[in-house]
Amino acid sequence: MNPVQAAEAFATPGRPLRASRLGEGTGHIHQTFRVDCENGALVLQRLNETVFPDLDAVMANFTAVTGHLRAKRLGAVLEAVPARAGGLLHRNAEGAWRCTRFIEGGRMPLEPATMGDAHAAAFALGRFAALLADLPIASLREPLPGFHDTRARFEAFRAVADRSEPSAFAFTRESLADALPAMGLPLRPVHNDTKLANVLLDATSGEGLCVMDLDTVMPGLVAHDFGDLVRSAAFDGGEADDAIRLDLDRLEALAKGYLAGVGDALTAGERASLGLGARVIAYELGLRFLTDHLSGDRYFAVTHRGQNLARAHAQFARLRALEAQADQVDAIIG
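Going by the working numbering, the final residue of the sequence shown carries number 621, and the count climbs one at a time with no gaps.
Where hints are given, some of them may not hold.
Listed next, the in silico DSS-like pairs over lysine-lysine satisfying Cα-Cα at most 30 angstroms (straight line) [what the hints assert, rightly or not]:
1. Lys-543 with Lys-482
2. Lys-482 with Lys-359
3. Lys-359 with Lys-543
Because the hints were derived from the structure by calculation, they are not lab data.
Please construct the entire structure, taking both the sequences and the accompanying hints into account.
See below:
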């Protein structure tokens with residue numbers, strides 16, 4: 288693979304000089320590089336067309352969302368670098384490539400997140416939702432149809448379920464598959480991958496600088512975004528660790544940050560759905576990991592047999608913790 292050569296296909300600020308890998312080991316779907324050029328730096332990505340087969344939809348949404356955000360003139364916004372041959376993608380024998388301008392002066396949130404980083408990143412994600420509130424959902428495409436269709440995820444699990452304890456637990460929580468649709472919540476443009484690593488913080492002030500990774504932006508429920516933020520950032524313990532603890536202080540930092548950022552953009556029903564969203568997302572992801580384990584590890588990358596099962600245990604442990612402390616969680620979210 289030659290990222291410097293691929294970068295030459297884009298309108299770079301001077302000749303590309305060298306490339307270094309970004310995000311290695313963090314679970315990124317795409318292969319991402321920083322490319323230093325004579326007059327600036329870029330971010331170059333070789334896109335994963337197995338996960339995102341409809342790159343036209345991905346890039347159409349990228350253009351719609353970044354254009355909408357840029358018109359608001361509030362903070363940094365991702366900016367695509369056009370290919371010299373036209374369009375925003377370059378294809379060669381190695382696949383499809385995309386290039387954006389490198390945003391200077393940023394850093395990723397610390398792991399595990401400090402209270403300050405948790406609040407700042409959550410505020411940025413809440414403000415992202417508020418800024419997109421007036422973007423018509425008809426202007427967005429669905430690069431991943433059914434991404435958060437929990438009922439469909441459950442039915443896929445049911446088709447391969449065994450008699451193990453995780454399968455038995457999944458059946459006992461089937462009602463979660465229909466809980467959010469039953470609330471009649473409005474569709475709005477949402478991010479759909481609200482982990483803290485997708486927020487770039489200002490290296491000096493610590494405030495949110497830019498929301499990253501727009502590939503999954505599409506019409507959806509704000510409960511899913513808030514829920515995934517809680518699921519991914521409010522717990523001590525890794526993605527494959529079922530010995531987890533819900534950190535209520537960090538949850539409070541996340542909730543206060545997100546709600547301050549989103550302001551009055553939510554309906555009363557959406558506000559009431561946020562705690563449920565965290566439980567649904569933990570359940571849904573647990574179903575996906577368990578289904579993949581039972582199907583022979585066909586989707587999620589694994590290093591050993593049983594890793595997806597461990598991941599499912601970890602998500603179900605999060606769900607149990609959210610259920611056990613539901614009163615405290617609801618009081619914190621308000």
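Which hint numbers doesn't this structure obey?
-> none
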